[in-house]
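Asks: Here is how the chains run, residue by residue.
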Amino acid sequence: MSSSAAATFSSLNAIPPPPSSFSSPANDKLFSSSFPAASPFLGSSHKPRSCVLSAPSPGRRSHAPVVAATAPNAIKEKLAQSPASSSNLLITKEEGLVLYEDMVLGRSFEDMCAQMYYRGKMFGFVHLYNGQEAVSTGFIKLLKQEDTVVSTYRDHVHALSKGVPAREVMSELFGKTTGCCRGQGGSMHMFSKEHNLIGGFAFIGEGIPVATGAAFTSKYKREVLKQADCDHVTVAFFGDGTCNNGQFFECLNMAALWKLPIIFVVENNLWAIGMSHLRATSDPEIWKKGPAFGMPGFHIDGMDVLKVREVAKEAIGRARRGEGPTLVECETYRFRGHSLADPDELRDPAEKARYAARDPVTALKKYMIENKLATEAELKVIDKRIDEVVEDSVEFADESPVPARSQLLENVFADPKGFGIGPDGKYRCEDPKFTEGTAQV
Amino acid sequence: MATVFQAFGTAAVLLSANDSRVRPLGSFPGRMANVFIVRSETKIVSDATRVSGRGQHLITNAVATKADAAAASTGSKSGHELLLFEALREGLEEEMERDPCVCVMGEDVGHYGGSYKVTKDLAKKFGDLRVLDTPIAENSFTGMGIGAAMTGLRPIVEGMNMGFLLLAFNQISNNCGMLHYTSGGQFKIPIVIRGPGGVGRQLGAEHSQRLESYFQSIPGIQMVACSTPYNAKGLMKAAIRSENPVILFEHVLLYNLKERIPDEEYICSLEEAEMVRPGEHVTILTYSRMRYHVMQAAKTLVNKGYDPEVIDIRSLKPFDLHTIGNSVKKTHRVLIVEECMRTGGIGASLTAAITENFHDYLDAPIVCLSSQDVPTPYAGTLEEWTVVQPAQIVTAVEQLCQ
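In the order they appear, the protein sequences are chains P and R. The numbers in our numbering rise by one with no breaks, and the one at position 3 of the first sequence is 3. The numbers in our numbering rise by one with no breaks, and the one at position 29 of the second sequence is 470.
Honestly, the hints are just simulated from the structure, not real lab data. Computed from a prediction, not measured in an experiment: that's the story for all the values here. Check before you lean on any hint, since a few could be wrong.
[Unchecked claim] Straight-line C-alpha distance at most 30 angstroms; calculated DSSO-like pairs for lysine-lysine:
id: 1; chain 1: P; residue 1: Lys226; chain 2: R; residue 2: Lys558
id: 2; chain 1: P; residue 1: Lys366; chain 2: P; residue 2: Lys93
id: 3; chain 1: P; residue 1: Lys259; chain 2: R; residue 2: Lys558
id: 4; chain 1: P; residue 1: Lys372; chain 2: P; residue 2: Lys384
id: 5; chain 1: P; residue 1: Lys372; chain 2: P; residue 2: Lys93
id: 6; chain 1: R; residue 1: Lys561; chain 2: P; residue 2: Lys221
id: 7; chain 1: R; residue 1: Lys771; chain 2: P; residue 2: Lys426
id: 8; chain 1: R; residue 1: Lys629; chain 2: P; residue 2: Lys144
id: 9; chain 1: R; residue 1: Lys561; chain 2: R; residue 2: Lys629
id: 10; chain 1: P; residue 1: Lys219; chain 2: R; residue 2: Lys566
id: 11; chain 1: P; residue 1: Lys219; chain 2: R; residue 2: Lys771
id: 12; chain 1: P; residue 1: Lys141; chain 2: P; residue 2: Lys221
id: 13; chain 1: P; residue 1: Lys221; chain 2: R; residue 2: Lys566
id: 14; chain 1: R; residue 1: Lys629; chain 2: P; residue 2: Lys433
id: 15; chain 1: P; residue 1: Lys141; chain 2: R; residue 2: Lys629
[Stated by the list, open to error] Covered stretches of chain P, as calculated for chain R (at least 3 residues, CB under 8 angstroms):
id: 16; segment: 179-186
id: 17; segment: 408-415
We treat Cβ as the ideally placed atom computed from N, Cα and C, and that holds for glycine.
All chains, full assembly: derive it from the sequences and hints.
Replies: Given below as structure tokens:
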């Protein structure tokens, strides 16, 4: 198998068997035929690859989009340039500091979550984002407040990047009434109307249609309600496991069909709890599935926030201009287990070490210092400030009240007449016990 | 006796503030010409302070020949006659004209006009984006409707057959019902999910499903079933205007019912039941198509000297326990006739609710006639035996009234 950066992954049969140092007698049955540890597809120093659309076939609609081949090439060139030439830097100092702060916030917050969980302050299923910060920061920091972000159960950092205050997220995790969802959502259901964060979904894939709907609204506003300046985009984040789910494919189809302003971001961290992506997927290269539905597909190094950001700019620009959706596969990795309840025994320590060496936060720090965008001291100031923010959020959450009984029935219906009419002829929501949360419904 | 209230201008408020069931018309944006909510007076209820205005509406329906009282609205003599599917379309069209955020999505709703013609010509009038032809992906386009509802639109999702919405159960249960609560009240989901269900004419098991029993446990949704052109239009409009997610169940065999409905604009309450035929001996609770089997049985029963009270419960979730309760307190005998399956159906829930709330008023155990727990067979004779027929209703009333 060629190790050139441009190698395409044509079929699983081309994978060489894993090196013997990797497989142990216990692992043999599990991994022997499906885990190419030495493949260049993983742990890559790849330049981003993309699949441009071919010219539309006669059967297609005549206005099917053809992505110019120059776009991805331009990105490849930018990134291939020597980082030392400051005139070609990808970010300014201000941008760099924003990105760094956001990633450090994500990392510190998640580390604090782990602590708090083991101290019994939060319960249930908590899925941490350590290691994937580049994807969240790379995309969300390019969005406006009116743009929508839709996430999965691994949503704390998406919420933070989108602007939900750390206090509100931590309170939500503690189940307090000051949480962003009044304590009713929890770790897996972060919502914020103010910041246009629509979830937080516990079942994988079920957020993608909702994201498609948000993008549909954007298009509807522009074309039916004639709000000509409405160019809001939606970014849907989901994982590699979701890419085998029907909802993913159904939404790729609809988004491309109606040219919805949406970006599908696959956070491919190679593992769906204990299921390796390669064991679950016939063709593991998810980015190739975009063109099958009529949209460009990109594959990028999701451990490098600058690479993510460059492709994100392209995709978001495309959506804003009304050119339709994009599928971006980010190769990334989660440093912790699937959730805090996951013992994480299946993943190879060598694989974890390989990705730990590509820690996105350290990588950005190194980039900024080497390119004289910031000094070590300036970055330490940010580190300290973030520590304080996170500590403050824990304090705030600790001191916040738990929801009162009266909150139990309040948000079941937007219009509480939905609880119906009781035997006495009055609407149940008029019952004084309703506000106490003790009404019979 | 009928009471008609008319209001002019957007700030008018009907009745006193005590009666919160009458919605002040000021809350309706859009054109306001001659809107009134039709109500008829109830029988005198013991609590004299109760303001009248409960939605017990007497109508002539297509099957019963008993001379029902005059229709409640004085304007209906000049109304227009149409079929049930046209009434649904009229309601839909009026709401789409009134609010540009109202849109429809579903399979074949646009160019084809809907598999039962409920959306005929709407795409020509409102465009392909407002009446959206979707690919065959129920789970995803229902989810898309939910996402659109959360971000400001008011979509109506049509299931070509209600049974197809089983594919959308993930979205309906997890997202439609729950997200208002899970988001702490931040996002509302004013979506309407509608479609034809029920046992048709030899459509086979999978096209003859009754989904009301599966959806009834989902918290956060409302379910209504229409049965006449009048309440079809009224419920459609009310469902679209409601801020809650509403599932509107139509029936495949009722689309061609004809009735004269008012020219003036009206809506029906989503939470109220409909008094079809007042009586003294027994309360018969029913909904959707079974209403007609009940009315047919009622003809026979009247000839035999019985006086059944027939209530179309209309609101499957939540139940209108006021109307139902008043009836139980009067007749002391309850018969539920439904098309749902015996196990876990609407009738089962209704039986439990009545027993819980009105046990002392019952002189006999509640009898519930439901469809057999059988996948609906294709053969006509077998199919007939799976659903409740008028003869069975007559027998049940006779036994109940012994």
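Asks: Failing hints, ascending?
Replies: 11
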